[in-house]
Amino acid sequence: MKWLRENLFGSWGSALATLGILWLAWTLVPPFVQWAFLDAIWLSPDSRPCRAEGAGACWALIAEKHRFILFGTYPYEQHWRPGVAILLLLALYVASALRRFWRPALALAWLGGLALIGLLMWGGVPGLPYVENERWGGLTLTLLLATFGIAFAFPISILLALGRRSRLPAVRAICIGWIELVRGVPLISLLFMASVMLPLFLPEGVSIDKLLRALIAMIVFAAAYLAEVVRGGLQAVPHGQVEAADALGLGYARKTLLVILPQALRIAIPPLVNTFIAFFKDTSLVVIIGLFDLLTSIKVALGEPMWSGFGVEAYLFASLVYFVFCYAMSRYSQDLERELERNRTHALKGT
Amino acid sequence: MRARAAALQLALVAAVLFVFWYVASNTAQNLEARKIASGFAFLAREAGFEIGEAPFLAYSAADSYARAILVGLINTFRVALIGIVLATMLGTLLGLARLSRNWLLAKLAALYVEVMRNVPLLVQLFFLYAVITENFPGPRDALSPLPGVFLSNRGIALPLLAPHAAHAWIGAALAAGAVLAWLLARWARRRQALTGQPFPVFAAGAALVLGLPLAVFLAAGAPFALAWPELQGFNFAGGANLTPEFATLLGGLTLYTAAFIAEIVRAGVQAVDRGQFEAAYSLGLPRRRTMRLVILPQALRVIIPPLTSQYLNLTKNSSLAVAIGYPDLVSIANTTMNQTGQAIEGIAIIMAVYLTISLSISALMNWYNRRIALKGARA
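Line order of the protein sequences matches chains A and B.
Position 262 of the first sequence, counting from 1, maps to 261 under numbering that gives the first Met the number 0, and the rest follow consecutively.
Position 231 of the second sequence, counting from 1, maps to 230 under numbering that gives the first Met the number 0, and the rest follow consecutively.
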């Protein structure tokens, strides 16, 4: 009772706000529950029951198209391969999130895991028929784009961040140029550039496929944003650390690799995860240049006459999928930030 | 050591130059092979495509590509500017709601922020577009949540102030009031510094800014008439009619960016130390002046830089218009590229425009940061 009085009816304004919210909930939530759950059509091979009078949400669209949404146009009888690839990726994400696994072997696990995923997806060895990457799609492609994008952009971003703080003017100018140019333009212009201009840049006869072109644009983009986060981490390393390393007589490479970077990256982990989230959301833009990711497969499914007109259900589902991944990452980054903060204050108290 | 550094830089510059030369020579060869003439001469040619909405600048398919791109630029600015204003208002309200002592309100705002920040803007745009075009009724049975506001699958119709000759004078009076208020504030600050006598700047300034236009408004005979949208044939005429594409893009950008602005506002207010409130109270400053003179300047110093970068993000995100068919700069440049094959020039135009916007805003930001830093040093 006391809690209610203090937190919901603390003042006239507060009481009014509480009543307003309760009234809104009263008018909006029951019809939504009715539509989304009670009247919903969960399973149906076609859309006829969904179009009947009084029918609620048409989740049957998702149920019917779930293989397509997960795997795109990958050959149907080979769907277990992208399925295993998704599970492998998820296992790698979870392992990387657990601090107990933060050791050099994790990098090896990533290398091995990604190689295995490549082998599974492409095939071309006995028992695994070759599948060209034009046919990869759905959630698989979204996860692959995000993972490979980050995996390549991250090392580049470290070089860019170090270059931006370098004492060599030419190095600094090139790194600043890359970072500021890319951050100044929308991702979509880079994707257009990759899809229409990259073919012009290459000598005649050499061509790279659509997926790789988009991936290159995403890497160039992500590297610029990650570089600024890494730079923030580098700036947060106390200057005494640099001086101590100099006093020990360490050269630039060993000073950077052994003293500065480990501390800088540790500080930068929470904002790095936030950049990963933004990048994961940005992979949805490939729909505009016609790559077959999660969002594209949902759009294509809606394009069929049978399922057209159920955009609200389809995009709610897409939102849910993206939300699950992004929210997990954002909660993780918040928890980690709190934990690192606690460790730091403990360490300070210890000295 | 120095020699090594010079050699390293020389090698790097040479490598970059080589890549540029290689790309340029390949491109020249490819263009020649495809018989595409490079250069911006195509801009003067007839565009030949219609644009769904071209406010402020008349346009028809017979006009040039340059004019079409200009229409796109205007459309980009139109959606970005209105979006920035609306997102700032909504974001500030949400940020303050998250700090509210009302538990329900704070949680509701937090829920909004979490959901909006963790779903891609493009998915939200597709969702909104589906809601408007598939689920809203036709214009004949349009929803009318407020008198004069109609929601239908043809977009959103709103009442608009009917134009009147006196409106330009009212605008001039507003500008004059703002200038006078600024001069008054300067004079009052100097007087207070010299004599210690305070002057009710806020009240007097507000009276000037609002009072002058009001006086002109009344003198002109209070020309206040709204043009109401009315159903004519298959759509609404009169008032302002937002197309489904514009409404989707504006709504999506506003709702999405507001979630980020809410977090910035919250962080800014929380960044002001509690001791600052207490110190101001113990100096005997009343609550309003504590907010205005002590809390707000410190909170704004934290808020403004990330807020500007959100404004830039909103402007860049407006390029997602191409996915739902709103004719912004990117989508018109895209059509132009597809028709003429002038890919390099088209992308150069897009990038030049966005870079100009970004670089000028960041120049403005640096100027602002220097200004507030100087103030801090003087204090």
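Wrong hints could be hidden among the right ones.
[Stated by the list, open to error] FRET-style restraints, in silico, Cβ to Cβ:
id, chain 1, residue 1, chain 2, residue 2, range
1, B, A105, A, F36, 22 to 30 angstroms
2, A, S206, B, S359, 51 to 59 angstroms
3, B, R139, A, R47, 25 to 33 angstroms
[To be verified] Covered stretches of chain A (chain B as the covering partner; in silico rule of three or more C-beta atoms under 8 angstroms from a C-beta of chain B):
id, stretch
4, 58-70
5, 191-199
6, 272-283
Simulated from the structure, these hints should not be mistaken for laboratory data.
The beta-carbon is built from N, C-alpha and C at its ideal position, and this holds for glycine as well.
Practice task
Sort out which numbered hints this structure fails and list those numbers smallest first.
Solution key: 2 and 4
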